[in-house]
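2 protein chains.
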Amino acid sequence: MKKVAIGVDIGGTNTAIGVVDAEGNVMVKDNISTPSHGDIDRYIADLSAAIKELIKSVKLLNEDIEFLGIGIGAPNGNYYSGTIEYAPNLSFRGMVPFVELLTKHFPDMNAVALTNDANAAALGEMIYGGAKGMKNFVMFTLGTGVGSGIVVNGDLVYGHDGFAGECGHTTLIPNGRLCGCSALGHLEAYCSAPGMKRTAFELMAHYNANDSLLADKSFKELSSKMIFDAAEKGDKIALEVFEKTGAWLGQGLADTVHHLSPEAVFLFGGPTAAGEYIFKPTKESMERHLLPIFKNKIKILPSKLKPGDAAIVGASALVWKELEK
Amino acid sequence: MKKVAIGVDIGGTNTAIGVVDAEGNVMVKDNISTPSHGDIDRYIADLSAAIKELIKSVKLLNEDIEFLGIGIGAPNGNYYSGTIEYAPNLSFRGMVPFVELLTKHFPDMNAVALTNDANAAALGEMIYGGAKGMKNFVMFTLGTGVGSGIVVNGDLVYGHDGFAGECGHTTLIPNGRLCGCSALGHLEAYCSAPGMKRTAFELMAHYNANDSLLADKSFKELSSKMIFDAAEKGDKIALEVFEKTGAWLGQGLADTVHHLSPEAVFLFGGPTAAGEYIFKPTKESMERHLLPIFKNKIKILPSKLKPGDAAIVGASALVWKELEK
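Chains as they are written, first to last, in the numbering used here: chain A, 1 to 325; chain B, 326 to 650.
Same shape as in the complex, but just chain A (with noise of 0.2 Å):
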């Protein structure tokens, strides 16, 4: 009997489902909106009859198939408590139980469990992609904001509460920029895709820089795939955008190798898509800032899920990581 794990993503407008087999393969994939629904009964109800709807189809190709459980990955999904506490960019608000709340429809499932985003790309890294075997690794998910995972002897780390991984909001610059957390300085506001639009921002205005391919572009329209492809067409302000972004994350992975000397940091997400644009400088500035004892022992690897599935399998990854246990 072929066995396979459902994972959910929820995001801000879109909630992605999919069917993810033991090789991380999603067999079939929806979608439904997020925000469009008045309460989170509704929202549970709907994404239920989703879920349905998916594990009737894959029984039409396959009625051998069993279904171990779901893996739910949410912006401030607490793993302990099951869950998804003051998220501030989806409809649902205060604390919501979702996996009790979702549990209720699927009562014969093994296993329902919910962690945030980034924890579940760890967890997808681990089970089906470049960090299989390691049990000392870090991820980091470069996008809007900068999530991160940590994995320690094979487990992932919740800490105390549940909320462990938020490398994303340690300080980079004191009294730096201002983060969407609304503190300051923190490496998200740097490292993430829009930091990499305030890099070029502020790139421009200190170089003067009329002559760049990226002089044409509004503050709203520029993108990080923008800058890559002005990076491509040896563009100095886009080229320099790299270098400062690398050299910023570099800092910080060090932080991160001095608390915990993973074996490997793995990278997600858009700005990675550049390669070694940004790979070399963020190599680079990292051994810069390691202890002897941590130098040119960490690799730093560009994650293997794929980016289209990834938060889907990422958060399937929970229920085979559940039922190790």
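To be clear, the hints were calculated from the coordinates, so they are not data collected in a lab.
Any given hint could be a false lead.
[Claimed, not checked] Derived list of chain A stretches under chain B, where covered just means 3 residues or more per stretch with a C-beta under 8 Å from a C-beta of chain B:
| # | segment |
| --- | --- |
| 1 | 20-33 |
| 2 | 114-121 |
| 3 | 199-205 |
| 4 | 259-271 |
[Said to hold, decoys possible] The calculated lysine-lysine pairs, modelled on DSBU-like cross-linking and capped at a C-alpha distance of 35 Å, are:
| # | chain 1 | residue 1 | chain 2 | residue 2 |
| --- | --- | --- | --- | --- |
| 5 | A | K325 | A | K244 |
| 6 | A | K135 | B | K650 |
| 7 | B | K605 | B | K650 |
| 8 | B | K550 | A | K297 |
| 9 | A | K325 | A | K297 |
| 10 | A | K295 | B | K460 |
| 11 | A | K135 | B | K608 |
| 12 | A | K304 | B | K460 |
| 13 | B | K542 | A | K297 |
| 14 | A | K244 | B | K608 |
| 15 | A | K297 | A | K59 |
| 16 | B | K558 | A | K299 |
| 17 | A | K297 | B | K460 |
| 18 | B | K608 | B | K622 |
| 19 | A | K283 | B | K558 |
| 20 | B | K429 | A | K135 |
| 21 | B | K620 | A | K220 |
| 22 | B | K608 | B | K620 |
| 23 | B | K460 | A | K325 |
| 24 | A | K325 | A | K280 |
| 25 | A | K132 | B | K650 |
| 26 | B | K605 | B | K558 |
| 27 | B | K650 | A | K297 |
| 28 | A | K244 | B | K569 |
| 29 | B | K631 | B | K384 |
| 30 | B | K558 | A | K295 |
[As the list claims (entries may be wrong)] A few chain B residues that don't get close to chain A, going by computed Cβ distances all over 10 Å:
| # | residue |
| --- | --- |
| 31 | K328 |
| 32 | A375 |
| 33 | S382 |
| 34 | E568 |
| 35 | K629 |
| 36 | K650 |
Each residue gets a CB set at the ideal place from its N, CA and C atoms; glycine is no exception.
Starting from the known structure of chain A, arrange chain B on it as the hints suggest.
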């Protein structure tokens, strides 16, 4: 039958040895010089002789005692390999297979284990001190340097290669003060006892503070104890040293909390004797730097280990921890 453990703390000038009971009381202790032995074999032979003398003296008091093992705390002590690796302040150089060498003299001990001094302190706090029953906490030792030990899910975090927990070498101020490790801006350069002295001198220079109680002390002379005494008398420079040290330390602790979400942070070492002078600004700064999900949740506590015996007691805790397995 009463069970006891032996703790050995190896410092640059002095090696302290003690027999510790299950409540963390040091029953007998002794010292030998660390550097005055020509080579590692003679040092190990002398250390073993001193340990055997202590065992004999304890058995004279009470024949019904079982010696469970020897725990060793040493700079750059690697738990996994049992080696002391390139410790900059020790007289024995290179890679020293310490556990292997010592075990030859004690073939009947159930456990001979080694870790670094700050990890040993964290274990001491967990087995005998204020962290009893805690599963997730962090210990910072403030002294000549700043060490740290991290406990996750009830186990010390050693990381991939045994060297995790070097929070003293995270970057607090990019391109800031020269650290003892030769990098710039590390937490240790600000929050160690010498770091406080450096802050006092910076502040006297800044304010041209001829009227400070610290103004008649040379750089060599000034100690963190003198700064504490001056603060008690209301000296403005001394008071500001504590404010700034706490602000820096709180920033660093917030970074650690964002990684690990511990139940508590324990502070140990000379500067913590200043009590609220250091704890209050540290707590305020940490809270200011924390994400909302962590605010007012994380305790900052003074270590409950006795200052004089803490290193021996911490090292001995390694034995109990080994035998738990």
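Status of the hints after comparison with the structure:
1. 20-33: Contact hint for the segment 20-33 of chain A vs chain B: violated, 0 residues under 8 Å.
2. 114-121: Check failed, 0 qualifying residues.
3. 199-205: It is violated, with 0 qualifying residues against the three required.
4. 259-271: As far as the segment 259-271 of chain A goes, the hint holds, because 5 residues have Cβ atoms under 8 Å from chain B.
5. A:K325 <-> A:K244: Answer violated: A:K325 to A:K244 is near 43 Å, above 35 Å.
6. A:K135 <-> B:K650: This hinted pair holds, its Cα atoms lying about 18 Å apart.
7. B:K605 <-> B:K650: Not OK: B:K605 and B:K650 at ~39 Å, beyond 35 Å, violated.
8. B:K550 <-> A:K297: 39 Å, violated
9. A:K325 <-> A:K297: 31 Å, holds
10. A:K295 <-> B:K460: At roughly 30 Å apart (the allowed maximum being 35 Å), B:K460 and A:K295 satisfy the hint.
11. A:K135 <-> B:K608: Answer holds: A:K135 to B:K608 is near 33 Å, not above 35 Å.
12. A:K304 <-> B:K460: 32 Å, holds
13. B:K542 <-> A:K297: 44 Å, violated
14. A:K244 <-> B:K608: 32 Å, holds
15. A:K297 <-> A:K59: Status violated; Cα separation ~47 Å.
16. B:K558 <-> A:K299: 52 Å, violated
17. A:K297 <-> B:K460: Judged against 35 Å, a Cα distance of about 29 Å means the pair holds.
18. B:K608 <-> B:K622: 11 Å, holds
19. A:K283 <-> B:K558: Given that 35 Å is the threshold and the Cα spacing comes to 49 Å, the pair is violated.
20. B:K429 <-> A:K135: 31 Å, holds
21. B:K620 <-> A:K220: Distance ~33 Å between B:K620 and A:K220 Cα, so the pair holds.
22. B:K608 <-> B:K620: Holds: B:K608 and B:K620 sit about 11 Å apart, inside 35 Å.
23. B:K460 <-> A:K325: 18 Å, holds
24. A:K325 <-> A:K280: The given pair, whose Cα atoms are some 39 Å apart, is violated under the 35 Å limit.
25. A:K132 <-> B:K650: 26 Å, holds
26. B:K605 <-> B:K558: 18 Å, holds
27. B:K650 <-> A:K297: It holds: about 29 Å lies between the C-alpha atoms, which stays within 35 Å.
28. A:K244 <-> B:K569: Cα-Cα ~29 Å, so holds.
29. B:K631 <-> B:K384: It holds: about 25 Å lies between the C-alpha atoms, which stays within 35 Å.
30. B:K558 <-> A:K295: Not satisfied, since the Cα-Cα distance of roughly 46 Å exceeds 35 Å.
31. K328: For B:K328, whose nearest Cβ neighbour in chain A is about 27 Å away, the distance exceeds 10 Å, so it holds.
32. A375: Label holds. Min Cβ-Cβ 29 Å, cutoff 10 Å.
33. S382: Fine: 38 Å to the nearest Cβ keeps B:S382 off the interface.
34. E568: Per Cβ check, B:E568 is outside 10 Å of chain A; nearest 15 Å; holds.
35. K629: 19 Å, holds
36. K650: 13 Å, holds
Figure legend: structure checked against the earlier numbered hints; hints not met, in rising order: 1, 2, 3, 5, 7, 8, 13, 15, 16, 19, 24 and 30.
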